[in-house]
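Novice: In case you want the letters, here they are:
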Amino acid sequence: MVDRVSHTPEAAGLLRRLRESHGPLMFHQSGGCCDGSAPMCYPAGEFKTGGSDVLLQELEVDGVDEPVPFWMSSSQYQYWKHTALTVDVVPGRGSGFSLEAPEGVRFLIRSRLLTDEEYAELHG
Amino acid sequence: MTVYAAPGTDGSVISFESRYDHYIGGEYVPPAKGQYFENPSPVNGKVFCEVARGTAEDVEKALDAAHGAAPAWGRTSVAERANVLNKIADRMEENLELLSVAESWDNGKAVRECLAADIPLAIDHFRYFAGAIRGQEGGISEIEEGLVAYHFHEPLGVVGQIIPWNFPILMAVWKLAPALAAGNAVVLKPAEQTPASIHVLLSVIGDLLPAGVLNVVNGFGVEAGKPLASSPRIRKIAFTGETTTGRLIMQYASENIIPVTLELGGKSPNIFFDDVAAADDAFYDKAQEGFTMFALNQGEVCTCPSRALVQSGIYDRFLADVTRRTELIVQGNPLETATTMGAQASNDQLEKILSYIDIGKQEGAKIRTGGARAEVGGDLAGGYYVQPTIFEGDNKMRIFQEEIFGPVVSVARFDDYADAIKTANDTLYGLGAGVWSRDGNTAYKAGREIQAGRVWVNNYHAYPAHAAFGGYKQSGIGRENHKMMLDHYQQTKNLLVSYSDKALGFF
Chain A
1 MVDRVSHTPE AAGLLRRLRE SHGPLMFHQS GGCCDGSAPM CYPAGEFKTG GSDVLLQELE
61 VDGVDEPVPF WMSSSQYQYW KHTALTVDVV PGRGSGFSLE APEGVRFLIR SRLLTDEEYA
121 ELHG
Chain B
1 MTVYAAPGTD GSVISFESRY DHYIGGEYVP PAKGQYFENP SPVNGKVFCE VARGTAEDVE
61 KALDAAHGAA PAWGRTSVAE RANVLNKIAD RMEENLELLS VAESWDNGKA VRECLAADIP
121 LAIDHFRYFA GAIRGQEGGI SEIEEGLVAY HFHEPLGVVG QIIPWNFPIL MAVWKLAPAL
181 AAGNAVVLKP AEQTPASIHV LLSVIGDLLP AGVLNVVNGF GVEAGKPLAS SPRIRKIAFT
241 GETTTGRLIM QYASENIIPV TLELGGKSPN IFFDDVAAAD DAFYDKAQEG FTMFALNQGE
301 VCTCPSRALV QSGIYDRFLA DVTRRTELIV QGNPLETATT MGAQASNDQL EKILSYIDIG
361 KQEGAKIRTG GARAEVGGDL AGGYYVQPTI FEGDNKMRIF QEEIFGPVVS VARFDDYADA
421 IKTANDTLYG LGAGVWSRDG NTAYKAGREI QAGRVWVNNY HAYPAHAAFG GYKQSGIGRE
481 NHKMMLDHYQ QTKNLLVSYS DKALGFF
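So the sequence lines, in the order shown, correspond to chains A and B. Every letter in the first sequence is one number past the one before it in my numbering, and letter 92, counting from 1, is 92. Every letter in the second sequence is one number past the one before it in my numbering, and letter 282, counting from 1, is 282.
Where hints are given, some of them may not hold.
Stated by the list, open to error - In silico SDA-like links for lysine to any residue, alpha-carbon gap of 25 Å or less:
(1) K445/B / R233/B
(2) K473/B / T49/A
(3) K422/B / N459/B
(4) K396/B / Q78/A
No wet-lab data here; the hints were simulated from the structure. From a predicted model like this one, the values you see are computed outputs, not experimental measurements.
The shape of chain B in the complex, shown without the other chains (with noise of 0.2 Å):
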């Protein structure tokens, strides 16, 4: 086991600056009305550095460096970007432990997960992009002889793209990847609640990048990610939130017209069918770590597989085996990687989980195991802890159908195939979903009856760059993860060439 130093203390990986400016046309530059505010961290609820409150004036500042640079980026050889992108993952991987402890520190989330996903799979995906790239082709069609129809990939310019917290700097990568990959210069956003790690990264990588291609505001919604989202001067915006601001930012881009993509969240049916139990082996032994995976990043994702549906042959042993599971998770301090699960990332995101195990509790749901706020004492006394929670009830119960963005699980029997296919689709959402199965034909069909973008079977939370990601109804727009979001960067210019010296007689 590591225990890694807090930051700033003797021994630590990471230092943080006491302050972080805007990061505009390759350097720092102090916000145009000169005011900050204090990040604390979820780990122990202290402020560990302030932070740029940006506003309108930052923001076209940021947009006038991605204009100039815009331009010559997205002329560079194919071969030249992706040098760029394969350079920056090798950055991130000499510096894997300093950016997994700065992401621990700034979120919350347990350090073996920045150490072993996160920041991993933020390195292979900037990879991935840089060998998409080589690999897109153009088109050549011949109409007729003599008529020939060119179709190039072109980068849409400049695009605006708003960060969640929950990964913040796996989802900065998901979205500034595919972007630099096609030759975009990018205004970026990071969460007001995790606004440090992406600067960390930039200390690290900044340099592999011309002045401009990338800048980041730091700042509030309303006041920094409004002005952004809601420029005639971006090409297309990316968000990744809720529902409500993801249609706010849609009613912005109308007004501009100009695409967006969305990613919204889900509600995520995770369906056992009876023959998991068939045998106490390796395939069972997964699929009970495949229903705990409620827990991963403390719940706080949007695939968060929340909703356990399991069918009433094994409901009671299953149930009994991954509540033991449940309770194995180990709490406390986030930069131990003995810890297995950290912090909520705000106050706010742990009084929110607290008000929906309340209303629970209220509609008759049984708590298996948690239900409360976690103490941990100590240094972390203040830090945002919430106990790994296992509810039984039913799908029309608001905890099956509410985003709680925490270590919640919400669990519900079924009957037959068509019982759970019923209940897994009755919901508003449609990222993901898991089936397990020892049946290849009931996985398969399950797999393809569930209305969700991604459909895990016999697995759970991978995200592996070349695997598309992205939602089925209220869940978004788009799919992240995979080549074809370079379409969602790009442009499409026709040639149409005639190579005949003959006219067409009209006129």
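Chain A on its own, in the form it takes in the complex (with noise of 0.2 Å):
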């Protein structure tokens, strides 16, 4: 089966930085102006996510003893269900209620566009 998200080594060094800090994790992909068009990393449950959204991937993470999940709202995915997705990490600044910004980087993803048979697959 075709990742939908993956993560950078870089991306994953963060996680465990971040999970000895504040446990367990989660990302729900924001919209919108500002931080937004962005991944947010919560500690897990912080976040309620409900039926408006989609649970794209447990990320599996070396170091992380659980998966993180990744989530998007649902209505937000039809339009990015064409492409998968790669955790990133910046050097940066600010990024709304996510734990990553006062280690001064920031979670950024970056895209691909799945194959006709990756879109295939996860689509029908």
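Each chain sits in its own coordinate frame; assemble them with the hints.
Specialist: This is the structure in structure tokens:
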């Protein structure tokens, strides 16, 4: 099964550090202005997901005991579903209430188009 | 042309402090944990001050000060509060250049925009709400003979406000003016990307407000914003930002059963009908400028007209004309008044914009101009500059659906009116939109059918006080910039008074 979301080694390193300080983690992809169009990282359960969200991936991160779920609102996913996402990290400042901001870094999404075969596998 | 000296150098109109603490109870208070973070200028990427890294303890202290000040401030006469707001406006006007240069240095935007838009609009905003609160009336309803309902507007008490980084002073003022006019005390958290200019504003106006009425706690969202937004000691929270944080703030608000106002962005369509190019005249020139407005504030505007929809009859000609117009944009030192586009506000913002340019290319969108980081060189080499970029593509592409928050416009062609409206409304958001036509009926009809809270007809990016601003759909809740915002900072007291001596007869 093709991964809808993966992550870079740099993101894995940051997730390990955040896991140590904050416990189990989760992502919710934001839309909209300012710090939007970027993934937000919270302590697991901090952000209440519901019927309007879709769980894109349970990220398996080396050195983190449990998978890190990656969520997005389903309405937003309708416009994203032809792409595969990679969670990366860049130097930066500020990110809503996302956990990594005080570290002077910011999670960032990189994207690539799914191949026709991958798209068929995911969406039939 | 004027070139303002960089802050801290000879001849500059402003010298930032080397460190900013929290502003609590009318004075500067160091952070409880003693931690600070560095604040770089997007103009050159160099740190120019450090700022208190606030935590829950600091937020509590600010809430103490606000609760101490709120009762007396809420009882002042509307004339008194209006006078204070007018004095704030006057003081800002006397310090236009100081505030403008501070804003440009903290945010990266071109100083010409601060001088002509950000600060003058903020000044007028205070004056508007000074007038609005004087003009506001309660109600008296005679329910029946001897039974009268009085309706009073009362302040909420203490409110929290979380401010974005794209217009740090103006967005703070959009929230402060109605809150203060209505008689509330405020705890405000500026964005961590742009934490300094609000303190320059406080140095100009701080003495005009009673201590504790306005408190500013700096810091990161997770460390200072969250304790503020989730506090049971605020009666309302206002936020401008993005959808996930907006939802989280609503979630916290639901735990405390308090109201929220949210402004969460958009993906605003800017529609150009064929008749725009019917003559090569002043209107056609204005329409081209209207297209190029995607580059205002480096595209870091919630209502950035980032989807241009152009009718097929004029598509090729119009796109050639607006590409030329876009290529006239002058990038360079934001402190030169000849510079028309400045730096993006942060490195991560720059990276995000470049990641969207990448996905646009992968999806097959065609770059008409721009499409890369701008190399400005010299003293500005460490700054965060992006070329103004025009993509041609299809509304289903991600660059047409997500807020890039940079100087990037995605252009699509439409054949007829129905096609234009369908594409314009094919978005999760509904904050702003533009309609350009010489035909009043077409423009009116389109303006009414577009699902957005603000539709500019034959103009774009005007933000006068007295014109309501806010979103449909996922763009948020509430209307700023208008007296109706007073309702969001007030609660209604109904006094139901009987002037009769007669018992009802039930018991």
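Novice: Look at each hint and say if it fits the structure.
Specialist: Hints versus structure:
no.: 1; hint: K445/B / R233/B; verdict: violated, 46 Å
no.: 2; hint: K473/B / T49/A; verdict: holds, 19 Å
no.: 3; hint: K422/B / N459/B; verdict: holds, 21 Å
no.: 4; hint: K396/B / Q78/A; verdict: holds, 10 Å
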